[in-house]
Amino acid sequence: MRFELTEEQQLIRDSVKEFVQSEIAPLAAEIDRDHRPPLETIPKLAELGLLGMFVPTEYSGAGLDALSYVIAVEEIAKACATTAVMVEAHNSLAIWPILHYGTEEQKQAYLPGMATGETMGAFGLTEPGAGTDAAAQSSTAVPTEDGYLLNGQKVFITGAGYAKVFVVFARTSNEGPAHKGISAFIVDRDLPGFDIGEGERKLGIRASSTPPLMFSDVRLPKSALLGKEGQGFEIAMRTLDGGRTGIAAQALGIAEGALAAATDYAQQRVQFGRPISSMQAIQWMLADMATEIEAGRLLVYQAAWLESQGLPHATAGAMAKLFCAEMASRVAGKAIQVHGGNGYTEAYPVERFYRDAKITEIYEGTNEVQRILIAKSLLKSTRRA
Amino acid sequence: MRIAVAYKWAGDPQEANVGPDGVVDMSRAKPVVSDYDAVAIAVGRQLADSNGAELIGLSVGDPAAAASMATKTALARGLDRVVVVTGAGLTSAGATRTASVLAEAVRRIGGVDLILTGDSSIDAGAKLVPAMLGGILGWPTLTDADKVSISQETVTLTRVVGDQEEQLAAGLPAVLAVSTDAAAVKAPGMKDVLAAGKKPVEVIAVTDLADAHAGEGAVRSARPLDPPARRRVRIDATDPAEAARTLLESLRADGVLALRKGE
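Chains as they are written, first to last, in our numbering: chain A, 1 to 385; chain B, 1 to 263.
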């Protein structure tokens, strides 16, 4: 068994780390304080190739594998969880379904612009009454002679404030089971009747744009349908299978950023005449944090590796997300504890890591949903005849 | 046109440990392309793109400098190909030996019009190699270039001297050391990283050079200097406002601060 990244993956880590230090880390505290999406970073992310990571080179993307992708998200999240989720949502939630379910015309129309950052994408699944129960979609796309008439509302849509294209899910049929009547659509921002509301003010990832979407008699052409009618729920769930690994990588990066800050602080902070890093109580906390991070990294990399090999990865992704989300909250909490009173202030980054970690336990499937998925997989694989 | 950039694959000084005796321990420092040489590569890429030139990376070092990871790291910065001359002890060789081996390699490559170097090496920092290299090759050598342009026959540089700008020109072929501010270094893009492994790499054993012993000499590292004493504290105050006033007066007295009314 080899636990070794390829040279290209190591170089990608080095390159993203260098980019993060010069372009992302300096903004992280400010954009969090001001609840301001770092729009100026988008062209730079695109230039580096981080906005079309899965996209094949023939559509102007970088053509990278899933493991390279999670390495990039992890590195970004070490400094800024908001920028990490901007990259994650664009790549995993908006590009991925178009890449895997889109027609050649749809790929040609959208992927080059998305890969080069000219067209940022977003994913419209969650509704006020359809969170974890994603099949309870009340948005409707009623078939018409020349397409569909879209009505409804979406909430907590990452990137909606600046996105130009949305993968939106809506009910096209009330026949049969609830999840069978859902379809996916590619919706352009400038369509009449499509409005975007005010952004939410949040506990963490404050700079991430998450406003609601409102659709009022939005006329969609037939060419807006992604996949087949009734395939929307499958598209959403498969998209989230990969998305979970990205969120796990984000949580992993948050934890690593928190540990780095705590380690640095512990070596500089002097109490009782010596650095607190020389005290066993602090050492044990740092050791526990490092051990949990290492375990989380193995889960994330394994899930990404399975995906890049084309192997089933949904359960591995759920395990990675569940463990890393809870781990990031624990590690960030300990990082504050190492900092003492200083850690509770905005003068140090660990309070931001702590706030940012919490969302990873909720979005793209709560911890509870991950446990359901893992348990279902376990019971299915061990079902008695 | 052919432009060569001399770069060094050496330990990152940010990861070095300095012992209480002043000895720098680089044994655990991750090797990197020198930050200064990354500037030279960025300048070289701009010049090569605007003049239709080939950009060749040239490195002299221990066998580790020819490892796949080392050459890919350099190539991802925008080089078209690399040539690495390897031999035991070459990474820590003195400037005379390094410059001599580089000169041998440049002659072997042939047709090189311009050699770019960084401001200094990342580890030794002696700033000697460019001048020595130019001297050995008999080429004009210019240093501290903040801006560079080339034509078919001439290299022109601008450098800041005090508060003035100086322009110098030399005929090609030439050696040119660029300043640390000569170009903004960007992280390699994902496509650059993936392309790096497909670019040509030539590894030459130093023993295969026409003069394998060029520049060998007896430069040995001296005893490390005692750590410098901290600068004398000029402002020692408990009141921040008083400290700020003293700082302003001190800066005015040194002539580095001029506050004009109405501006």
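I should point out that these hints are in silico values taken from the structure, not numbers from a laboratory. If you're wondering where the values come from, they're calculated on a predicted model, not measured in any experiment. Glycine residues also receive a C-beta, built at the ideal position from the N, C-alpha and C atoms. One thing to keep in mind: the hints can contain errors.
Beyond 10 Å from chain A on every Cβ pair, some chain B residues (computed) [unchecked claim]:
1. Gln46
2. Asp49
3. Glu54
4. Ser68
5. Met69
6. Lys72
7. Arg81
8. Arg159
9. Ala170
10. Lys186
11. Pro188
12. Lys191
13. Asp192
14. Ala196
15. Gly197
16. Gly215
Example chain A residues on the side facing chain B (calculated, C-beta under 10 Å, incomplete) [as the list claims (entries may be wrong)]:
17. Ile12
18. Lys17
19. Phe19
20. Leu27
21. Glu30
Against the structure, the hints:
no.	hint	in the structure
1	Gln46	holds (16 Å)
2	Asp49	holds (16 Å)
3	Glu54	holds (23 Å)
4	Ser68	violated (6 Å)
5	Met69	violated (5 Å)
6	Lys72	violated (6 Å)
7	Arg81	holds (17 Å)
8	Arg159	holds (25 Å)
9	Ala170	holds (33 Å)
10	Lys186	violated (8 Å)
11	Pro188	violated (5 Å)
12	Lys191	violated (6 Å)
13	Asp192	violated (8 Å)
14	Ala196	violated (7 Å)
15	Gly197	violated (7 Å)
16	Gly215	holds (32 Å)
17	Ile12	holds (6 Å)
18	Lys17	holds (8 Å)
19	Phe19	holds (4 Å)
20	Leu27	violated (16 Å)
21	Glu30	violated (21 Å)
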